[in-house]
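Produce the entire structure from the sequences given, and follow the hints as far as they go.
Chain residues, written in single-letter form:
Protein chains: 6
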Amino acid sequence: MSAPRPHHLGDMTTAEAAEAVTASPVVLIPAGAFEQHGPGLPLATDLIRAERVCDLVAAGLAGRAVIGPSLPVGVSPHHRAFAGTVSIRPATLAALVAEYAADLHRHGWRKLLVVTGHAGNNATLGTVAQELLGSLPELEFAWTPLTALAGDVVAGLGVSEVHGHSGEAETAQLLHLAPHLVRADRLTAGSTAFHQLTPLARLTRGGHPALALPYERLTPNGVLGDPTRVTPDDGAAVVDAIVSRLVAFVDAWLAA
Amino acid sequence: MSAPRPHHLGDMTTAEAAEAVTASPVVLIPAGAFEQHGPGLPLATDLIRAERVCDLVAAGLAGRAVIGPSLPVGVSPHHRAFAGTVSIRPATLAALVAEYAADLHRHGWRKLLVVTGHAGNNATLGTVAQELLGSLPELEFAWTPLTALAGDVVAGLGVSEVHGHSGEAETAQLLHLAPHLVRADRLTAGSTAFHQLTPLARLTRGGHPALALPYERLTPNGVLGDPTRVTPDDGAAVVDAIVSRLVAFVDAWLAA
Amino acid sequence: MSAPRPHHLGDMTTAEAAEAVTASPVVLIPAGAFEQHGPGLPLATDLIRAERVCDLVAAGLAGRAVIGPSLPVGVSPHHRAFAGTVSIRPATLAALVAEYAADLHRHGWRKLLVVTGHAGNNATLGTVAQELLGSLPELEFAWTPLTALAGDVVAGLGVSEVHGHSGEAETAQLLHLAPHLVRADRLTAGSTAFHQLTPLARLTRGGHPALALPYERLTPNGVLGDPTRVTPDDGAAVVDAIVSRLVAFVDAWLAA
Amino acid sequence: MSAPRPHHLGDMTTAEAAEAVTASPVVLIPAGAFEQHGPGLPLATDLIRAERVCDLVAAGLAGRAVIGPSLPVGVSPHHRAFAGTVSIRPATLAALVAEYAADLHRHGWRKLLVVTGHAGNNATLGTVAQELLGSLPELEFAWTPLTALAGDVVAGLGVSEVHGHSGEAETAQLLHLAPHLVRADRLTAGSTAFHQLTPLARLTRGGHPALALPYERLTPNGVLGDPTRVTPDDGAAVVDAIVSRLVAFVDAWLAA
Amino acid sequence: MSAPRPHHLGDMTTAEAAEAVTASPVVLIPAGAFEQHGPGLPLATDLIRAERVCDLVAAGLAGRAVIGPSLPVGVSPHHRAFAGTVSIRPATLAALVAEYAADLHRHGWRKLLVVTGHAGNNATLGTVAQELLGSLPELEFAWTPLTALAGDVVAGLGVSEVHGHSGEAETAQLLHLAPHLVRADRLTAGSTAFHQLTPLARLTRGGHPALALPYERLTPNGVLGDPTRVTPDDGAAVVDAIVSRLVAFVDAWLAA
Amino acid sequence: MSAPRPHHLGDMTTAEAAEAVTASPVVLIPAGAFEQHGPGLPLATDLIRAERVCDLVAAGLAGRAVIGPSLPVGVSPHHRAFAGTVSIRPATLAALVAEYAADLHRHGWRKLLVVTGHAGNNATLGTVAQELLGSLPELEFAWTPLTALAGDVVAGLGVSEVHGHSGEAETAQLLHLAPHLVRADRLTAGSTAFHQLTPLARLTRGGHPALALPYERLTPNGVLGDPTRVTPDDGAAVVDAIVSRLVAFVDAWLAA
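Protein chains in written order, with the numbering used here: chain A, 68 to 323; chain B, 68 to 323; chain C, 68 to 323; chain D, 68 to 323; chain E, 68 to 323; chain F, 68 to 323.
No wet-lab data here; the hints were simulated from the structure.
All values derive from a computational prediction rather than experimental measurement.
Glycine included, C-beta positions come from ideal geometry on N, C-alpha and C.
Heads up, a few of these hints could be off.
[Stated by the list, open to error] Quick list of simulated restraints, FRET-style, between CB atoms:
(1) F:Gly225 to E:Gly175: 41 to 51 Å
(2) B:Arg173 to F:Arg284: 50 to 60 Å
(3) A:Arg253 to F:Arg173: 51 to 61 Å
(4) E:Pro204 to A:Ala222: 52 to 62 Å
(5) E:Pro204 to A:Ala129: 51 to 61 Å
[Said to hold, decoys possible] Reference excerpt, derived from the structure (chain C facing chain D, CB under 7 Å, subset only):
(6) Val142
(7) Ala196
(8) Leu200
(9) Gly201
(10) Ala215
(11) Leu216
(12) Pro266
Next comes the structure, spelled out in structure tokens:
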């Protein structure tokens with residue numbers, strides 16, 4: 068086999084980690100979910116995307132960031148009706164992130180960026196950021212979703228009127244990042260048009276007020292949008308935009 | 068003195084509350100904050116706006132909603148350096164909302180809308196929504212910030228390049244809703260332009276990645292934007308948009 | 068409209084709050100409940116009384132105390148069978164009070180007095196006081212119920228053999244403090260005599276051992292005592308005694 | 068050695084415990100503290116009194132009550148400055164009592180009486196009672212302090228103007244119940260008169276508002292009152308009153 | 068009655084406790100359980116053994132150790148189907164031990180040894196040890212089960228193929244330490260041979276993987292092994308080995 | 068790239084997961100740690116071993132088990148002085164495992180085996196097993212460390228007098244399972260003989276009483292034993308023994 072993966076803290080020895088504190092002052096934490104992704108995508112889709120993006124961002128940063136331990140399971144109660152979904156409580160995810168942060172801070176890191184492939188983790192990450200202002204005031208804690216960073220590229224794909232979970236953008240990313248895990252022949256459109264949604268479900272699609280519904284009330288097969296319409300090249304475009312944005316952010320952060 | 072305030076559950080007797088469960092199937096919960104609002108606005112600004120908006124929404128709904136107990140303090144660790152700010156932990160706010168929800172649900176209500184005047188509560192409300200999917204699956208739980216509902220109106224006010232907390236939109240709302248609490252003569256612009264921000268502070272203004280900084284690192288006087296540029300009429304326009312949007316949402320919700 | 072309410076921290080700006088730390092070294096926190104109060108009193112009775120008493124105490128102290136954020140909901144599981152009651156857990160109320168205290172302490176206040184209109188909050192406040200001895204040893208934390216401060220005046224009203232919740236003393240206070248919220252025509256006596264109670268219910272009336280029963284096992288209409296026997300003047304006498312006692316306490320506290 | 072102690076659940080086998088559920092429908096739980104008791108009394112004074120009183124009450128009930136596991140440590144943060152004091156948090160004591168209660172309830176008991184020798188446990192027991200109303204509605208949960216049950220007898224002892232912790236009443240009880248643990252030659256008066264207290268300390272002696280101070284600010288030797296003035300006979304009178312009151316309470320409870 | 072028990076912190080005054088911090092630098096904490104012990108042993112068996120062993124160890128150490136407050140109830144969910152068992156949650160036991168430790172540490176002790184008669188407490192004690200490394204780094208925290216310290220002596224007793232809870236070793240100890248609590252005529256063998264166990268139950272007897280089953284699925288009468296085969300002398304041999312091992316451990320600890 | 072990894076739930080779609088509930092009734096959860104492993108092994112050593120062993124066990128079971136989401140970080144406070152170590156609290160790990168278990172149980176699985184490469188997780192897993200007896204009584208929850216399953220093989224390697232963390236057995240496993248991650252040229256013996264340990268450190272090596280010390284007090288380089296003495300073949304022997312034992316356990320479990 069080959070050498071340890073560069074930029075991966077887990078592959079380093081403790082002595083290498085000690086050097087990384089100064090050489091690589093940013094730690095990236097990939098956060099995923101373990102949840103249904105429709106007929107064609109695997110349960111770990113969000114973790115896979117987050118880990119691959121972190122690899123690409125770390126490579127783009129040429130050693131100025133290391134990748135810390137993953138958060139393989141996220142907050143997914145809205146997918147629990149679908150087999151295989153494992154969800155943790157917001158408080159548990161918050162504790163995990165805060166404890167990762169505390170120990171990385173103890174070793175000397177001051178910049179931490181959690182990259183979540185699952186938007187269901189956003190709210191919890193927002194609360195962690197608030198808590199860390201008090202508990203670790205010298206730590207700069209940032210977090211980001213993935214697809215939202217490439218909104219313009221996604222819009223350019225020609226997405227369905229209703230799209231989102233396991234739809235065009237997410238499927239495209241996986242076709243690019245982990246094509247061997249996509250069951251291309253089973254990809255199937257889910258709810259794609261507003262009129263397919265119940266009146267109650269429509270209320271969940273308007274931003275604010277935010278109304279939470281379990282996914283089985285939004286789409287029978289767990290998909291919002293049409294995953295059959297996208298190609299690996301679409302995914303490459305989305306991923307490139309995400310990675311560029313994140314590299315630029317960290318560049319600016321390190322220069323600030 | 069006059070009669071009990073209509074639509075206010077707290078002003079009702081238990082017998083009236085029992086009737087309200089069927090007559091008024093939506094409960095509005097105003098959520099605020101107790102935090103600095105610059106030289107000219109009071110600490111309770113966010114609660115005041117939330118409570119007044121709930122009054123207007125309930126009036127607009129003509130009895131189909133009642134207003135439940137307030138959440139007067141929110142999650143404001145980023146304002147703690149400014150005197151008077153009182154902040155509670157996300158877990159405490161989450162427990163409060165979940166316990167309000169559980170008892171309202173016990174009495175028969177199935178639709179609950181938390182109206183928060185403070186965006187710092189958004190993340191916590193998002194986690195509560197996730198938790199309630201599991202603990203009270205028959206409850207429909209919605210929440211909303213205020214100003215974000217009137218984004219187009221705010222944009223039309225001609226806001227500063229940098230604007231937000233205690234700035235144009237918020238000051239306008241208070242000039243309309245509670246003018247006696249605005250120290251008009253002390254209103255002062257805070258950070259209004261990107262170039263006034265430190266490089267690190269600029270990173271907090273771009274959406275994602277989200278980077279949390281305490282407010283004293285963003286603006287010396289606690290204000291983002293220029294509160295001197297707005298009028299009560301501006302506030303009326305913003306509030307009208309918010310109230311209309313919320314009444315329409317509840318109308319659709321009740322019809323769904 | 069008129070000016071901000073004097074003594075109300077929530078109506079102040081952050082600069083005014085900074086001055087209040089030295090000018091007004093005591094913070095009063097009104098604590099209420101959101102619970103049934105029989106056929107004639109509103110759910111928010113306890114909060115209303117606590118807030119009005121705090122206003123009067125602050126006025127009596129002529130600027131030496133400010134009123135902080137309210138605690139609108141208390142610990143009321145014994146009233147849950149009656150519509151409209153919202154109760155929070157002791158641990159949640161304790162967290163709230165401790166977090167209010169921590170931030171007020173952070174800004175420099177060292178004397179905090181929680182004024183609770185609801186005796187169901189007493190036990191929790193007692194535990195908070197114990198916890199604060201360890202976590203904030205320089206803070207002087209005091210708390211008080213209302214009616215218990217005027218025991219002699221209440222006794223002089225000629226109360227029923229069994230009296231208490233929503234009975235003579237509480238109704239009198241509300242008739243004085245918020246008459247527009249009393250449904251005078253619906254006030255109805257509840258359990259007023261020992262012989263009306265079940266043998267088990269009688270055991271709850273003797274002080275110690277303390278036995279907790281839900282209120283529907285004590286009184287069909289949620290009232291203990293006869294609220295029809297009292298007048299606004301009775302309430303004025305009770306409230307005056309409470310306010311005098313509290314002003315005297317704070318006077319002595321500030322002089323100690 | 069002799070036989071197992073009658074009435075002690077811990078001395079019974081599981082088969083005997085199964086019989087006790089119906090034969091002895093009340094469970095007594097002795098609760099103590101592990102805290103300074105001045106120069107002459109042992110740290111475990113409160114547990115010893117609670118356990119001995121439970122023995123006497125169980126004997127007086129002739130088999131209708133059993134004694135469950137003790138709570139040897141209580142909530143004593145106000146005594147922490149004195150060597151040997153061990154205090155647990157209110158939340159920890161509350162969890163312990165609630166978990167004892169849940170398992171005793173699981174086996175079929177429906178009446179539980181916690182007998183606390185330490186008044187510092189009262190507030191926590193009050194919160195437990197509230198929580199159990201919701202979690203175990205069929206359980207009848209009662210709790211009681213000791214000395215407060217014999218207020219008239221204590222008053223008749225001719226106590227000091229200031230009296231209480233490790234003072235006349237408590238010392239007398241221990242002289243009667245566990246004379247071998249009293250260092251009679253070291254018993255020393257503590258603060259006995261109001262004028263000996265600082266102005267701040269005086270505020271703690273008036274009931275309400277309740278102000279918590281650590282004990283070293285009330286009395287240099289940890290004693291309130293004069294333990295040298297009492298005799299074992301005084302203690303017998305106090306204990307008899309306590310036991311009679313408790314036996315009568317349980318008699319009434321079983322008959323209710 | 069006689070004098071206070073030597074070595075028992077609870078029997079000491081605060082002044083004596085202050086001296087013990089230096090004279091007796093080790094604190095022993097007896098931990099038990101309140102759980103079924105088959106037809107012949109009492110529910111408190113584990114606490115009794117732990118307390119008696121602590122007495123003997125403290126005596127053997129001649130004043131270099133004191134005995135702190137007991138932990139009378141442990142983690143026993145696997146015995147809950149048997150009447151009388153009271154179990155607390157691991158988190159509750161952990162909080163208790165950590166809070167005992169924090170206060171003993173506050174007074175100056177730096178060596179704490181928890182002696183648990185119940186192996187069901189082992190896992191929790193292991194987690195407490197881990198937590199204390201971070202929260203009280205100067206504290207040396209040790210814990211030990213009892214019977215496991217005398218494995219060679221137990222093997223020499225000629226135990227059943229399947230043995231353990233309430234079996235040979237435990238019964239022998241109680242026959243020696245508290246014979247008045249053993250119902251010798253009711254002692255009955257439980258599951259003693261592998262072939263008596265269900266295939267699933269056999270999987271619990273092999274160390275690792277560890278599989279947890281409730282005890283009613285292992286043995287109808289709650290006993291593993293044959294308690295009728297042992298004598299008080301067997302118990303003396305087991306106890307002597309345990310005490311010797313513990314005295315030697317503390318000797319080495321104090322010399323380290 | 069190739070197909071999804073067989074037996075990995077994360078690589079499956081929700082439909083495949085639904086089939087796996089019946090086809091593969093055992094879920095394996097790999098648990099690791101993120102902690103120093105001396106000069107030659109990577110921080111993620113324990114996770115890597117756990118994941119590889121789960122792969123081999125699942126393969127050995129030919130479809131009767133699936134591999135669920137990993138637990139990449141464990142309880143490692145004793146390694147915190149060494150750079151790179153990230154540790155979570157026992158309560159956080161316990162919550163994670165319990166929440167994984169609850170959702171897997173919700174989908175229908177009844178047999179869950181956590182395979183931990185890090186012995187520091189053992190105590191927490193023991194407490195989780197106890198909690199699950201109450202919360203999910205139909206779930207059969209098992210857990211296992213790795214190296215302890217191959218004690219005889221390890222003994223046969225000719226290990227140092229003092230050996231353990233990052234020593235012979237662990238290094239051999241990694242040389243076999245992930246040789247590309249071993250810095251063979253940097254492997255260095257740590258503490259290998261009893262006389263090298265301080266008297267206090269020696270007390271940690273005797274089983275019981277268990278005394279916890281941070282690792283920097285046991286070994287300067289974080290290693291116990293001599294990792295230079297072992298070969299990949301040694302590792303293969305250890306791993307084969309572990310895998311065989313686990314396959315046999317699951318076989319027996321499924322047959323029980």
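> Against which earlier hints does the structure fall short, listed by number upward?
Replying inline: Violated hints: 3 and 5; rest satisfied.
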